[in-house]
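Position one of the sequence shown corresponds to residue 1 (UniProt numbering), numbered consecutively onward.
Incorrect hints may have been included.
Computed beta-carbon distance windows for the label pairs [said to hold, decoys possible]:
| hint | residue 1 | residue 2 | range |
| --- | --- | --- | --- |
| 1 | Ile481 | Lys457 | 12 to 22 Å |
| 2 | Lys94 | Glu648 | 46 to 56 Å |
| 3 | Lys644 | Gly17 | 23 to 33 Å |
| 4 | Thr349 | Ser128 | 43 to 53 Å |
| 5 | Glu648 | Lys193 | 26 to 36 Å |
| 6 | Tyr282 | Ile481 | 52 to 62 Å |
| 7 | Arg652 | Gly809 | 31 to 41 Å |
| 8 | Lys457 | Glu220 | 41 to 51 Å |
| 9 | Val806 | Arg652 | 48 to 58 Å |
| 10 | Asn672 | Thr409 | 24 to 34 Å |
| 11 | Glu137 | Glu568 | 24 to 34 Å |
Below, in silico cross-link-like pairs of lysine-lysine (BS3-like), each with a Cα-Cα straight-line distance of 27 Å or less [unchecked claim]:
| hint | residue 1 | residue 2 |
| --- | --- | --- |
| 12 | Lys585 | Lys516 |
| 13 | Lys9 | Lys77 |
| 14 | Lys536 | Lys516 |
| 15 | Lys87 | Lys364 |
| 16 | Lys59 | Lys77 |
| 17 | Lys644 | Lys585 |
| 18 | Lys240 | Lys308 |
I should point out that these hints are in silico values taken from the structure, not numbers from a laboratory. Just so it is clear, CB atoms sit at the ideal spot from N, CA and C, and this is done for glycine as well.
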Amino acid sequence: MDREKLHSKTELFKTGGEISYKGDAGVAKFLLGGIGTGNISVGARGELRDWEIFNWPGKGQFVPFSFFAIRTREEGKEPVSRILESKICPPYYKSHGFLNGELAGIPRFESSRMVGKQPFVYIDLEDSKVPVEVKMEAFTPFIPLNSDDSGIPTAVIRYRVKNPTDKAVEVSVAGTMANVVGFQGYDVFNNVKLADEVQNEYRESGEIKGWYYTAKHLKETDMKFGSMSIAAVGAKNTYKKQWLHGQWTDNAQDFWDDFTEDGILDDMQTIESKGCDLLSHYDFSFLNLKERISSVGSLEMVGPNEEKTFEFVISWYFPNRPKGWIEYDEDLERFRNGGYDTIRNYYATKFTDAWNVTEYVAGKMEELENPSRAFEEALFDTTVPAYVIDAVAANIMSMKSHCCFRIETGEFLGWEGIRDYVGCGQGNVNHVWNYATAVAALFPDLEITMRNVEFKKELDEDGGMPFRARKVLGESRWDMIPACDGQFGSVLRVYREWKYTGDDDFLKEIWEPMIKALEYAIHEWDTDGDGVLDGKMHVTYDIEFYGPNTMTNTIYLGAVKGVAEMAEYLGKTEEAEKYRALYEKAEPLVDEMLFNGEYYVQKLEDVDAYRYQYGTGCLTDQLLGQFMAHAAGLGYVLPREHVKKTLEAIYRYNFRDCMEEVPNVQRTYALNDEAGLVLCSWPKGGRPRFPFAYCDEVWTGVEYQVAVCMIKEGMLEEAFTIIKAVRDRYDGYKRCPWSETEAGHHYVRPMSSFSLIPALSGYECNMVEKTMSFRPVINQNHFKSFWINGNAWGTYEQSVDGEGKVKSGIQVLYGSLDGVRILER
């Protein structure tokens with residue numbers, strides 16, 4: 001493929017429009033659920049899938065008989081009924097066909113179109129036989145700088161029904177959900193297994209009418225204890241139904257016959273006629289389902305050209321999670337043997353059960369929805385290309401996935417990613433979280449808990465920092481050497497959090513352990529004391545680099561430069577002078593020692609003396625510390641002219657237009673005719689016999705951090721080409737647009753994409769000095785974008801008149817900028 005034809009400049013720089021997915025985009029799955037609550041996904045057909053609400057990942061996890069349905073009756077015509085999804089798409093390859101809990105044989109809409117705009121997802125459902133237009137809208141409250149109200153275990157689901165005809169149409173919409181409290185997986189028939197008998201209770205509370213689900217005998221301390229609810233909100237003409245608990249498909253047959261008859265549901269608890277003798281011989285689950293199913297809905301007359309909304313809230317409450325990181329086979333065996341204590345989710349300190357969650361959400365709907373919608377609009381109503389904003393918004397999803405959770409004491413914890421049913425990469429891995437800037441930007445209070453865990457709970461007495469946090473959950477220290485990039489990165493991120501929030505108390509309280517960690521790192525990895533790191537350095541590639549290299553040295557330079565500034569601010573003059581002198585000594589040495597005229601190399605006499613090095617290779621991550629310094633507002637840590645030359649070399653040598661002829665025996669994240677940025681190349685030869693693990697892989701989190709640095713150097717076309725290549729790979733057919741992968745789904749490294757916004761808007765903030773400034777690098781004549789700091793968020797807009805005069809304005813949508821000065825640049 002010709003690089004010049006990969007994407008035209010017009011296509012790369014085009015603004016406006018939105019990214020959508022047809023119903024056959026089988027892996028387009030948008031998460032509903034708050035931070036640290038678990039999730040339910042909405043698929044491109046409008047279906048509910050991947051029920052991950054039980055404190056474990058659960059890709060593919062299915063809750064049977066859980067769906068929404070519509071019945072319409074136009075005057076003088078036969079009624080039309082549908083499940084509110086588009087048609088099921090191939091493949092249909094299953095050993096027993098579709099199970100009755102999937103209701104695959106019930107009519108669905110002909111087609112659908114999905115648009116995801118964090119935190120909202122929209123599905124247009126179309127069917128030529130249905131006399132109304134139906135749009136699904138779903139969200140979970142997500143309000144930057146308000147972590148509590150962004151951590152609610154709920155999903156608000158609406159169906160906006162518009163009648164385009166000249167006659168009134170009777171419309172009934174029903175929501176149905178199975179009670180699977182005490183979920184234990186599936187039996188051999190693929191039916192649900194439960195830890196206890198369950199019970200469904202109908203409740204009404206103000207404008208809420210619906211069902212509250214519990215298990216009869218589970219104690220509050222049981223790992224499976226919890227509750228669920230489904231409710232209609234604000235409906236005038238409601239109805240309810242607890243499904244018949246019969247044999248075979250009695251339950252679904254009764255429901256569908258009842259619903260399609262008149263759009264109103266009636267309870268039918270028993271059947272007088274004799275059933276099947278099979279059940280008297282064996283407890284076949286398909287004859288005696290363990291789940292109990294209920295429905296709630298409402299009926300409305302929708303007039304000509306009128307639109308009415310049917311609103312539902314699904315909530316869950318499973319307060320107890322294992323107190324530990326369950327990742328490996330031995331962990332699972334220990335769990336099965338009852339080897340883990342429980343610890344409560346943070347949301348369990350705010351709510352008492354699922355019905356209480358629903359009451360809170362319904363009672364504060366406007367207060368929760370308005371700022372959530374303001375965030376969506378601020379993020380997407382922009383003059384930045386749609387696919388760039390999509391890259392930002394899509395990876396925000398990681399903090400809402402099972403990658404991240406929050407425990408009862410408030411600490412925010414995270415995996416690297418998640419496997420289908422278990423986490424991957426335990427313990428707030430500092431060398432991975434180095435890249436992720438989204439949480440720090442949107443919820444600095446949560447990010448600060450991570451710094452406190454690293455420096456106050458996990459740090460060794462000598463200042464060594466385990467790169468996986470385990471003691472916070474009462475487990476033994478991670479038994480490996482510290483990670484050089486991670487430890488210096490955590491120091492640098494202290495500076496970022498302080499600068500972003502202006503929180504002096506945070507800085508003062510963390511100062512001593514931070515200095516201890518910094519001193520350990522300097523002495524551990526600068527073995528000859530010349531100011532350049534050269535020791536055995538464990539890094540994010542899960543190997544050790546030996547000898548000077550800029551991947552680690554740039555992070556080190558950023559950390560030392562930041563600490564010097566923080567010491568000066570705190571009046572610690574001696575320490576400020578010490579670290580300033582070290583930085584001024586080290587920066588030119590690193591540059592002189594490692595820059596080869598095109599890019600920075602690793603200095604080794606014999607690249608094969610140690611396995612897994614890169615030597616004279618062009619490492620895509622060689623300016624990682626520069627990315628982190630930019631994110632922290634620290635400026636440059638290497639000469640700017642060399643930074644730009646290096647970025648040009650990274651693009652020239654490491655970006656591949658087509659992966660078909662790129663040999664790779666490692667994990668594969670880009671293949672065939674896909675484009676991507678490989679982690680390393682050897683344009684001048686010298687590839688080691690066994691180069692570092694992952695060197696031929698393509699990591700989106702690295703692609704984004706390089707793109708951010710390119711934007712800072714005016715290399716917009718190159719940056720956009722890389723970003724577009726990423727989003728082309730995550731197209732809803734090949735991969736999920738809201739789950740960029742590396743070591744697991746929803747990998748956290750790609751949250752580096754958030755830094756694309758401040759890079760393009762030229763946004764800088766310093767909440768210590770109470771200043772903000774903007775200098776857009778794209779569409780300066782008409783620019784609009786989102787901004788945020790630790791105090792407030794909103795939009796910035798500027799235009800340039802015919803005489804070149806800039807007119808700009810800042811809109812605050814949440815928080816306050818009282819006392820903050822807007823600087824001109």
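Hints and how they fare:
no., hint, in the structure
1, Ile481 to Lys457: 12 to 22 Å, "holds, 19 Å"
2, Lys94 to Glu648: 46 to 56 Å, "holds, 52 Å"
3, Lys644 to Gly17: 23 to 33 Å, "holds, 31 Å"
4, Thr349 to Ser128: 43 to 53 Å, "holds, 50 Å"
5, Glu648 to Lys193: 26 to 36 Å, "violated, 58 Å"
6, Tyr282 to Ile481: 52 to 62 Å, "holds, 56 Å"
7, Arg652 to Gly809: 31 to 41 Å, "holds, 40 Å"
8, Lys457 to Glu220: 41 to 51 Å, "violated, 27 Å"
9, Val806 to Arg652: 48 to 58 Å, "violated, 35 Å"
10, Asn672 to Thr409: 24 to 34 Å, "violated, 47 Å"
11, Glu137 to Glu568: 24 to 34 Å, "violated, 51 Å"
12, Lys585 to Lys516, "holds, 21 Å"
13, Lys9 to Lys77, "violated, 53 Å"
14, Lys536 to Lys516, "holds, 20 Å"
15, Lys87 to Lys364, "violated, 35 Å"
16, Lys59 to Lys77, "violated, 42 Å"
17, Lys644 to Lys585, "holds, 22 Å"
18, Lys240 to Lys308, "holds, 20 Å"
Taken one by one, the earlier hints fail for this structure at numbers 5, 8, 9, 10, 11, 13, 15, 16, listed in ascending order.
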